[in-house]
Amino acid sequence: MDFSAILPAMPGLVDGMLMTLKLLLLGVLGGVSLGTLLALMRLSHNPLLSKLAGLYVNYFRSIPLLLVITWFYFAVPFILRWVTGEDTPVGAFTSCLVAFMMFEAAYFCEIVRAGIQAIPKGQMGAAQALGMSYGQCMRLVILPQAFRKMTPLLLQQSIILFQDTSLVYTVGLMDFLNAARSRGDIIGQPYEFLIFAGLVYFTVSFAAAQLVKLLQKRLAV
Amino acid sequence: MISIQNVNKWYGDFQVLTGCSTEVSKGEVVVVCGPSGSGKSTLIKCVNALEPFQQGDIVVDGTSIAAPQTNLPQLRSRVGMVFQHFELFPHLSITENLTIAQTKVLGRSKDEAIDKGLRLLDRVGLKAHAHKHPGQLSGGQQQRVAIARALAMDPVVMLFDEPTSALDPEMVNEVLDVMVELAQEGMTMMCVTHEMGFARKVADRVIFMDRGQIVEDCAKDAFFGDIHARSERAQQFLAKILQH
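Read top to bottom, the protein sequences are chains X and L.
Going by our numbering, the first sequence runs without a break in its numbering and finishes at 221.
Going by our numbering, the second sequence runs without a break in its numbering and finishes at 465.
Everything labelled a hint here was simulated from the structure, so no lab data went into it.
Wrong hints could be hidden among the right ones.
With a straight-line cut-off of 20 angstroms between C-alpha atoms, the simulated SDA-like cross-links for lysine to any residue are [to be verified]:
#, chain 1, residue 1, chain 2, residue 2
1, X, LYS22, X, SER33
2, L, LYS325, X, ARG139
3, L, LYS353, X, LEU219
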């Protein structure tokens, strides 16, 4: 084992980590936004909306993420060509990002839904009684409380996504794991680089999980 | 001010309100009482359309709730409501609780809303707590804030849904004091409550409900004074709650 080649390879690895973090951040933002929308649909009194959202959630939770990533990689350019009528190259990054957002939205939807349902019903009544519209009730009263309650769960799901971003190697995107692996292959030290990558994933995820625990305790008070 | 006209309501097959009709005129204080499950909370929640009903109509200050073109949020903004469990917004400070609907619903400026909110907070004797969060106040204090929050909207009528039922006994009076003061100032009030002392003191009329029906609807003096002229059900109820 010779880990001395890792330091010179650092710039490439940092680039990979930045790609991973970019995917994570945008994926979580998009996933939470879409997930919140889905949750509101699922809780809606409109049977069509709630059925549609339920179908979406159950569908995406029943297929592997890897499949979604490859599927979107091929499907997104195809759909765009069909919509716009011309070739619109989207690239691996965009298609992966769309895949993450849509896949994670199914999981975030269930977290947000549980969060909303955990808020006592009277809060909605009180907000309505003050003359707020449904949108205002949700935006000003229910969702702020719900998000506070579910922050630990959202972060936990984000840690899972942090690890799952590594699946983008299938479509050739240079995330952290892919960067480490290819550097290792080129130099001829694949094991050292993979061990190093594993350590980094472990350190980041473990530290984040500890932070979540700490946060959970503070929010519980 | 409030006209309840033959309201019927069902939960599935179960009828919770049957042919409820009554009027509350401006400045009047009406106490609604009755055993639990008699539909009194449901009825008062129908008055600001928090509970839908299937038949009949309720007209509040000239606006019909059953009419499909009625803007319900706008109607509710003119009807103050106080709940059994206070329902202050726990993620907001007391000041924010008092101002959020003023600014977001009525479109008042922030300064105006804070000014009004703090004046009302002072009125219920809690000015010193403006910066706190609801969780830091006692139940009685929270309920007084809830009353101030409702008053901040300049309501034409106030609805109280068992405002003292969730309170520790020693906190009941501080809330009732605020309500008595409000009644004496001429506020139109409809109160679901078991506080017969409050009813005796300030009510103009008492409504007694049982099994979803309005059984008694009469002047306070008749209700408490001429007890033998009341229905058997009302007599039983009064005998139970006035015993001690």
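Do the hints match the structure? See the list:
| no. | hint | in the structure |
| --- | --- | --- |
| 1 | X:LYS22 x X:SER33 | holds (17 angstroms) |
| 2 | L:LYS325 x X:ARG139 | holds (11 angstroms) |
| 3 | L:LYS353 x X:LEU219 | holds (18 angstroms) |
Checked against the numbered hints above, the structure breaks none of them.
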